[in-house]
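**Q** If you read the sequences in order, they're chains A, B and C. Taking the working numbering, the leading residue of the first sequence gets 1, the next gets one more, and so forth. Taking the working numbering, the leading residue of the second sequence gets 1001, the next gets one more, and so forth. Taking the working numbering, the leading residue of the third sequence gets 2001, the next gets one more, and so forth.
Hints are computed from structural coordinates only; laboratory data are not their basis. You may find that some hints are simply not true.
[Said to hold, decoys possible] One-sided excerpt, in silico: chain C residues whose CB lies under 8 Å from chain B: (1) E2192; (2) R2251; (3) V2445; (4) W2446; (5) T2449; (6) R2452; (7) S2457; (8) V2462.
[Unchecked claim] Straight-line alpha carbon distances no greater than 25 Å define the calculated DMTMM-like cross-link-like pairs of lysine to aspartate or glutamate that follow: (9) A/K293 to C/D2011; (10) C/K2413 to B/D1233; (11) A/K79 to C/D2124.
Glycine included, C-beta positions come from ideal geometry on N, C-alpha and C.
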Amino acid sequence: MAVSTWQPILAPVPDAAPTPAGLIALHPGYAPFAGATLAEDPAATPSNAALTASLRGLPAVDAVGVERRAAALASRSIKTTAKAQGISLAVSMIDLTTLEGSDTPGKVRSLCRKAVLPDPADPALGPVAAVCVYPDLVATAVTALAGSPVHVASVATAFPAGRASLRVRCADTADALAAGATEIDMVIDRGAFLAGDYATVAAHIAEVKRLCGGVHLKVILETGELATYDNVRRAAWLSMLAGADVIKTSTGKVAPAATLPVTLVMLEAVRDYHALTGRRVGVKAAGGIRTTKDALRYLVLVNEIAGPDWLTPAGFRFGASALLNDLLMQRRRLTLGSYVSPRDVSVD
Amino acid sequence: MPTESRSEPVRVDVRKTCKLFINGAFPRSESGRTYVVADSRGRFLANAALGSRKDARDAVLAARAAQPRWWGATAYNRGQVLYRVAEILEGRREQFIDEVSRGEGITRARAAAQVAESIDRWVYYAGFADKVSQVLGSANAVAGPYFNLSVPEPNGVMALIAPERPSLLGLVAITAPALAAGNACVIVASQAHPLPAIGLSEVLATSDVPGGVVNILTGSASEIGPWLAGHRDVDALDLTGVADAALATDLVQRAAGSVTRVRLADPAEDLTRVPGLGRLRFTCQVKTVWHPIGT
Amino acid sequence: MTSGPTTALFDYAPAPEAIGIAPIANSYDLFIGGQFVPPVAGGRLATVNPATEQILTEVGLADAADVDRAVKAARRAQEGWARMRGRDRGKLLFRIARLMAERSRELAVLETLDNGKPIRESRDVDIPLACAHVFYHAGWADKLGYAGLGANPRPLGVAAQVIPWNFPLLMLAWKIAPALATGNTVVLKPAETTPLTALRFAEICQQADLPPGVVNILTGGPQTGAALISHPGIDKVAFTGSTEVGRSIQRTLAGRVPVTLELGGKGANIIFEDAPIDQAVEGIVEGIFFNQGAVCCAGSRLLVAEPIVEVVVEALQRRLATLRLGDPMDKNTDIGAINSPDQLARITSLVAAGVAEGAACWTSPAPLPERGYWCAPTVFTGVHQTHRIAREEIFGPVLSVLTFRTPAEALAKANDTTYGLAAGVWTEKGSRILAIAEGLHAGVVWANTYNRFDPSSPFGGVKESGYGREGGPQGLAGYVHAD
Chain A
1 MAVSTWQPIL APVPDAAPTP AGLIALHPGY APFAGATLAE DPAATPSNAA LTASLRGLPA
61 VDAVGVERRA AALASRSIKT TAKAQGISLA VSMIDLTTLE GSDTPGKVRS LCRKAVLPDP
121 ADPALGPVAA VCVYPDLVAT AVTALAGSPV HVASVATAFP AGRASLRVRC ADTADALAAG
181 ATEIDMVIDR GAFLAGDYAT VAAHIAEVKR LCGGVHLKVI LETGELATYD NVRRAAWLSM
241 LAGADVIKTS TGKVAPAATL PVTLVMLEAV RDYHALTGRR VGVKAAGGIR TTKDALRYLV
301 LVNEIAGPDW LTPAGFRFGA SALLNDLLMQ RRRLTLGSYV SPRDVSVD
Chain B
1001 MPTESRSEPV RVDVRKTCKL FINGAFPRSE SGRTYVVADS RGRFLANAAL GSRKDARDAV
1061 LAARAAQPRW WGATAYNRGQ VLYRVAEILE GRREQFIDEV SRGEGITRAR AAAQVAESID
1121 RWVYYAGFAD KVSQVLGSAN AVAGPYFNLS VPEPNGVMAL IAPERPSLLG LVAITAPALA
1181 AGNACVIVAS QAHPLPAIGL SEVLATSDVP GGVVNILTGS ASEIGPWLAG HRDVDALDLT
1241 GVADAALATD LVQRAAGSVT RVRLADPAED LTRVPGLGRL RFTCQVKTVW HPIGT
Chain C
2001 MTSGPTTALF DYAPAPEAIG IAPIANSYDL FIGGQFVPPV AGGRLATVNP ATEQILTEVG
2061 LADAADVDRA VKAARRAQEG WARMRGRDRG KLLFRIARLM AERSRELAVL ETLDNGKPIR
2121 ESRDVDIPLA CAHVFYHAGW ADKLGYAGLG ANPRPLGVAA QVIPWNFPLL MLAWKIAPAL
2181 ATGNTVVLKP AETTPLTALR FAEICQQADL PPGVVNILTG GPQTGAALIS HPGIDKVAFT
2241 GSTEVGRSIQ RTLAGRVPVT LELGGKGANI IFEDAPIDQA VEGIVEGIFF NQGAVCCAGS
2301 RLLVAEPIVE VVVEALQRRL ATLRLGDPMD KNTDIGAINS PDQLARITSL VAAGVAEGAA
2361 CWTSPAPLPE RGYWCAPTVF TGVHQTHRIA REEIFGPVLS VLTFRTPAEA LAKANDTTYG
2421 LAAGVWTEKG SRILAIAEGL HAGVVWANTY NRFDPSSPFG GVKESGYGRE GGPQGLAGYV
2481 HAD
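Here chain A stands alone, though its shape is the one from the complex:
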């Protein structure tokens, strides 16, 4: 199995020298995370007992405090030029997604067209970061997007529940990779996580990452099922340890999906992990983000929690479908100076 060589999608921002000593001093729980990822070095896989101790050694999250901080950041007022910047940025961060049983090649081709040029009247805008589909439609998307910078992301590993054997989950991933997916969105085994079997969760992620090689791996925590912020923080660290390139909130199939406070906790995790290891892991907020106002709130969060270095398509993604049209409408609203109609933008 090839050793992972993680490559950011866009040019990497030079990293400041990491200062892991401080974090480890803060909580010895951080120490095991400082070395190579499990995908890179399977021999380094700790016992479940050691993983448990490490994860429980992470600083706790006070639920009320984190929700309060998220609410305060949500009250930032992003207007005029900042709004225009935010809209362009948000468009570039979108994983334009269709994950329905009724998906067809035609639907996917329409989506790909929209991904490359979201608004024909505004060719300066776009493209989006990726199109996200089920594995059996990857080939269609790859063909439709040929020659464009838009990535093809595929959900895999028995999305969305992930309730299949590792063999099946890997086969699902291999299919998507074989069809040309350049990004994989996998789900963690939430059952194993909630049962305290962290080693299994980590082993699955590492195995899928080894399959992916240089292909970007987004690990879906499905925070709506993890229920507590402490679990979200632990799952985030576990995923990064195992080799995730991006940690992602949700499948979009479970409510609640992405929320501001959950994303805030994940942004703190990637920020601290970067300080510890120098490796910049991205965050993807998926599900339920439909309006420009929502998107701008997420961007504020990224800006003020992880920092401006994460304000790139490598650092942050939106998993969304309806969001794009609202961004387009708001962009037109800024340009025209009058309110616009949904008729002014295409359905997909």
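Let chain A serve as the given structure and place chains B and C on it in line with the hints.
**A** Chains B and C in isolation, oriented as in the chain A frame:
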């Protein structure tokens, strides 16, 4: 058996040396001074220690040292200790009736009523010790995900100036609520009628009240009061016994130095009646604690 | 004017609140007996926008003659007000609370113009809490018998109230609401530098048809306040402000009328190793940089467990660098202006003392605007109990960081102050929270949070932070003859 015709030789009684009560011990005043305590007709009763500023200083030190343990005891325990004071007082009723009636020049019946009410007042506050927080505290419905609780906590060290009359009940009425709430006290007893206070210190010394929790000084409120009022380690000042307006003004002003809270004498207050909550409220300050509610 | 950390990709544009919503007249009179009347001697006082140094308007400078008029107006109104049925007094207060809420945006703008605090805070904290305070107390007016103050608590009479500049309308509400609910009438003096929202409140009293004289507002300076509290016609003094003035009030009154004092503080914020660090950092920021640190209950002394002090300070500095300092009227501003040049001078001199005493001084890299009164967030590390910056109230955005080894040492250091207003404790261990909360000599303890306020939650201090409570049933006690 032959009858004794000669009269018995007169037995000389043993009189008590009246001392201060500081830190559980009975010292003389460091100043070496005493003053004459007379009955209502001016007849000599005893020499009482004339407390000085240094006695006040020692008493505050003792109270400060003793207070954390007294407050740290369970409220149930404090209640039992106060009830024990009542028990012992009950057994020595005759002594107190005698001291009160001779000192104040009132009938034995009225003195008996005062002593009875004093004992009952201890019982009243004994039963209050573990209810103060329920009566004066509150759980507050704040507009947010927070557990919010207000609990009364003792002032700490209280300086109390007892009224001249009723000499026993006045002292008990101001001391018992302070103790029930967990304070340590430095008390200036009735100057003219200090013997019940001195008797009470002996009761306290034998009733499981830890040394230093109650300190009783005899002497002049106008001499000791200013030192207590201006003492920066006194947390609250009860001037129930200060009827003189000029002295009260002076004491409040001295207390301002460390922003010490003061309760003034209320001419309308009838100390023989069980009071409302005002007295107890003055012995405490409410502390409010917030904590988030979240998973 | 707003500056802050930016990225080329996403730079917050100015987002100024519209100030046209709060027109300011050229001059304001005193509010006495339900009418705006000029000061007898005709004295005037300018009030300045501390963010621009521009004069906003002038207000009346009340002197002893005006105080006398106001106290008499309050006296005339008091009997009728106390006799009014509780439910009707309550309805008038409810009406006022509603009017304040309706005009909340206007009040927020005025507060920010006059005080220099960020509009975000006046909009989201000061004004909503002030409305809530009046609403809460309105409901007490016909239920006083259940407040634990006896069956029939009687009002004291005319209350003289003097409030500070740090939360002008909120402090007004804290003073006026309980006084009115219990049947007192008031003469209130707002701070010299922040009179505008109090004058708007006077208009609201008129709009609410509050009986004339129930609320009287006297703008003015320290002499006005001194004349008010020494007026023989008052029955109660409620003061919020410095410990020094509190002392002198207690001396002046000498027990003549009941007093409640809410004075200074030097709050300790204790961070244990097992604290939820990210939220603790937020709590530290809210504790000392909220309202530019001009908060009597500010967590100005940070006590950190020695093993984690470097990490906490590093995280704190990273966080402080994201605070946006500048135009208070910008909705994205986190740190506004210092209220007055005098206050700025006090802060600056104590910061200089900290440097002279050898503590390590770090200031946020935020550039300061050229005009106005500004102080960048400042953190002192290596501070010891003997340093002046660990003992004296700075009332500015200046944090002193100290360390401790054990819970007992944390408590000993936290309590090593003449003040006793508020304190914080951060740990995930429930039993430790309760033990520390019990051991702290403070009127308010925030555990795993800081600087939260609510009208139902009593607020006030011990030791030299004063006595008396504001809020909750306990807060009513300061305004009645209770059993």
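**Q** Does the closest beta carbon of chain B sit nearer than 8 Å to the beta carbon of C/V2445?
**A** For C/V2445, the interface hint holds, since the closest Cβ of chain B sits about 5 Å away, which is under 8 Å.
**Q** Could you check if C/W2446 really has its C-beta closer than 8 Å to a C-beta on chain B?
**A** Holds: closest Cβ of chain B sits about 5 Å from C/W2446, inside 8 Å.
**Q** Holds or violated: A/K79 with C/D2124, Cα cutoff 25 Å?
**A** Measuring from Cα to Cα gives roughly 19 Å; hence the hint holds.
**Q** Has the given pair, A/K293 with C/D2011, been kept, meaning a C-alpha gap of at most 25 Å?
**A** OK: A/K293 and C/D2011 at ~16 Å, within 25 Å.
**Q** Can we keep the C/S2457 interface hint, with Cβ of chain B closer than 8 Å?
**A** Since chain B brings a Cβ to about 5 Å from C/S2457, closer than 8 Å, the hint holds.
**Q** Holds or violated: the hint that C/T2449 contacts chain B, with Cβ atoms closer than 8 Å.
**A** Holds - the Cβ of C/T2449 comes within 8 Å of chain B, reaching about 5 Å at its closest.
**Q** Does C/E2192 pass the interface check with chain B, least Cβ-Cβ distance below 8 Å?
**A** This interface hint is violated because 23 Å lies over the 8 Å limit.
**Q** Using Cβ atoms only, decide whether C/R2452 comes closer than 8 Å to chain B, and label the hint accordingly.
**A** holds (5 Å)
**Q** Holds or violated: is there a CB of chain B closer than 8 Å to the CB of C/R2251?
**A** Given a least distance of 5 Å, the restraint on C/R2251 holds.
**Q** Given the hinted pair C/K2413 and B/D1233, is their alpha-carbon gap at most 25 Å?
**A** holds (17 Å)
**Q** Is the interface hint satisfied for C/V2462? The criterion is a beta-carbon contact with chain B at less than 8 Å.
**A** This interface hint holds because 5 Å falls under the 8 Å limit.
Violated hint for the displayed structure: number 1, the only one.
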